[in-house]
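**Student:** Following the hints, put chain P in place on chain E, whose structure we already have.
Same order as they appear, the protein sequences are chains E and P. Counting in this note's numbering, the first sequence runs from 1 upward without gaps. Counting in this note's numbering, the second sequence runs from 1001 upward without gaps.
I should point out that these hints are in silico values taken from the structure, not numbers from a laboratory. Glycine included, C-beta positions come from ideal geometry on N, C-alpha and C. Just to be clear, a hint being listed does not mean it is correct.
[Claimed, not checked] The calculated lysine-lysine pairs, modelled on DSSO-like cross-linking and capped at a C-alpha distance of 27 Å, are:
1) 233/E - 123/E
2) 223/E - 1080/P
3) 1107/P - 1038/P
4) 1236/P - 218/E
[To be verified] So the derived label-pair ranges between C-beta atoms look like this:
5) 1023/P - 8/E: 47 to 55 Å
6) 10/E - 1035/P: 43 to 51 Å
7) 1010/P - 253/E: 26 to 34 Å
8) 1010/P - 157/E: 37 to 45 Å
9) 1157/P - 235/E: 43 to 51 Å
Each chain, letter by letter, is given below.
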Amino acid sequence: MISSNTDPQVQRKLTEILRIIRENDTAIGARIIADKMRERGYKIGERGVRYHLRILDERGLTAREGYSGRVITGNGIKELEDGLIGHRVGFVITSIDELVYNTSLNVNTGEGSVIVNTALIDKDDFDEAIDIVGALSETPYSISPYIKILEEDSPDIKIPPGEVGIATVCSITIDGILARSGIPVNTKYGALVQVHDSTPVAFSDLILYNGTTIDPMKIYIDKGMTSVTDALKTGSGKLLANVREIPVSARDQAIEVLEQAREIDIDGVIEVGEPNTPVLRAPISAGKIGVSLYAGINSMVAVKESGIEVSIHPISSILNFKDMTRL
Amino acid sequence: MPLKKISQIAEEPITFTVSKIEDLMYGVSFDPSTYAGKIVTNISMIDGEHIDDVLSIFRDVMSSGLTVSPLVKLLSPGEKVGSFTIPPNMQGIATVCSITVDGVLLKHGIPIKPIFGGLVEIRNSVPLRFTDLVRYDSTTLDPLEILMSQSLTSVSDMLTSGSGKILANMREITMNAREKVEEVLDELVVAGFGGILEVGEPNSDILGVSVERDHFGVVVVGGTNAEAVAQEQGFKIEAHAMFTLMDIEEMTPITQLV
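One chain only, chain E, in its complex shape (with noise of 0.2 Å):
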């Protein structure tokens, strides 16, 4: 427990040290720490940094391992999970723009890398998880017909034994195409969209990315709003989407660069608005416009809405597009 009433400075290097020695594969000593530390703007040396591991020590979030290097225990992982409020508020976005800097894909030749998100099933119930994956990729929800299936030896990503991963194209690319045709991007709500006769009619809920400590989209299937199964078989049912703001002068160019990802199988565009208008009810500011996407986790939504136990990790990692195949 990092207590409330410790010095801010202390608790904001207490909080960076503990999330370094946890993004560590390994026990990690103070000098590497330091230069860590050094990397993400915190003025401490090697000595700072004994200090406030003995700190953690005490309070039972780090424990020794070797000779020097320290470990994060279980209550260290959950008090980076609870701690340092102010620093979550929007985290989701502060996550989703490192990913985004990272979006490599040309939308000429379909080299690079995209975002995906993974879904984790267990083996049996594989083919008729793949089969409701394909049956969306064929509908206008879809953001791409790419998958990539991952097996217990995959390189990319960790997968636990006896399942198997589906990595799907995540809608977020987009945002990384668009900010790579220098066009600022700013994601801005996780929505739930209304479809009617296949059609997108209006949005029926929105959450702002900058007001909230918990992934809006989780929000949304834990609550059990969707209806992506009913949107499939009637035309009629409510599905995952998101809202980013461009800037007004920057529309033609967004079109043109969606247009190309279209052609090389990246899209799931519902709504390029106009200037100073709503996008399906969503309010937009003054001087931008709102271009929504469906998200490319709907069809593992579908999974899990037809019975099938899903672990769903939207926005969870790169892959090189070029790796991944058409269903």
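**Tutor:** Below, chain P alone, put in the same frame as chain E:
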């Protein structure tokens, strides 16, 4: 919730929770000194056969001070509340929503701004910090309903051991109204309305969250902690926080029911 026609949805503007809250706050007419007027209530629905078990849970939570008030109203199947009818085989329970506190402060001329609903970690009966939050101006869904859906609460643990995570919410008030706020909160306590977790200092963080310049924060327990305990203990409960205005005369202390 009544289903709306699809075409209707597209034409209506979207409403964020903050507007709904301010609407309800404006409707509060409860005066603690006369014990009369309208308050804001949450409505929860449970299967009729579990009502006795759930009511005794509610009684325990309410008597431990983790809700705003021990007042409830039972709603039978078919009974109407606002635009909503309790479905057959279900039993409704109306409880007092913490927005009532905001409404009463507002009606005493105090400008008040509800900011967010969240989870407060309590350690040995002392509120420590917020661990999650959702801002009212950022969502069309109720933050407390969101937090309950994430299975992040541990109100039961709080009851048994004094440590756990409970639902709470935060509002900001201009610092020159501080004395008046304390006065009104005292009046509310006398009238049986409690659950004030923390009154912050001006320009200072409250339970780890910063406040706007020249304001202070007030943290009140969420009105649906009793619902959270019922849910943690495995009862299926459908909670609608900040649902409707109700006359305080319609409500009864839970101890008179169980």
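**Student:** It remains to establish, for every hint, whether it holds in the given structure.
**Tutor:** Taking the hints in turn, this is what the structure says about them:
no.	hint	verdict
1	233/E - 123/E	holds (26 Å)
2	223/E - 1080/P	holds (25 Å)
3	1107/P - 1038/P	holds (12 Å)
4	1236/P - 218/E	holds (20 Å)
5	1023/P - 8/E: 47 to 55 Å	violated (37 Å)
6	10/E - 1035/P: 43 to 51 Å	holds (49 Å)
7	1010/P - 253/E: 26 to 34 Å	holds (29 Å)
8	1010/P - 157/E: 37 to 45 Å	holds (40 Å)
9	1157/P - 235/E: 43 to 51 Å	holds (46 Å)
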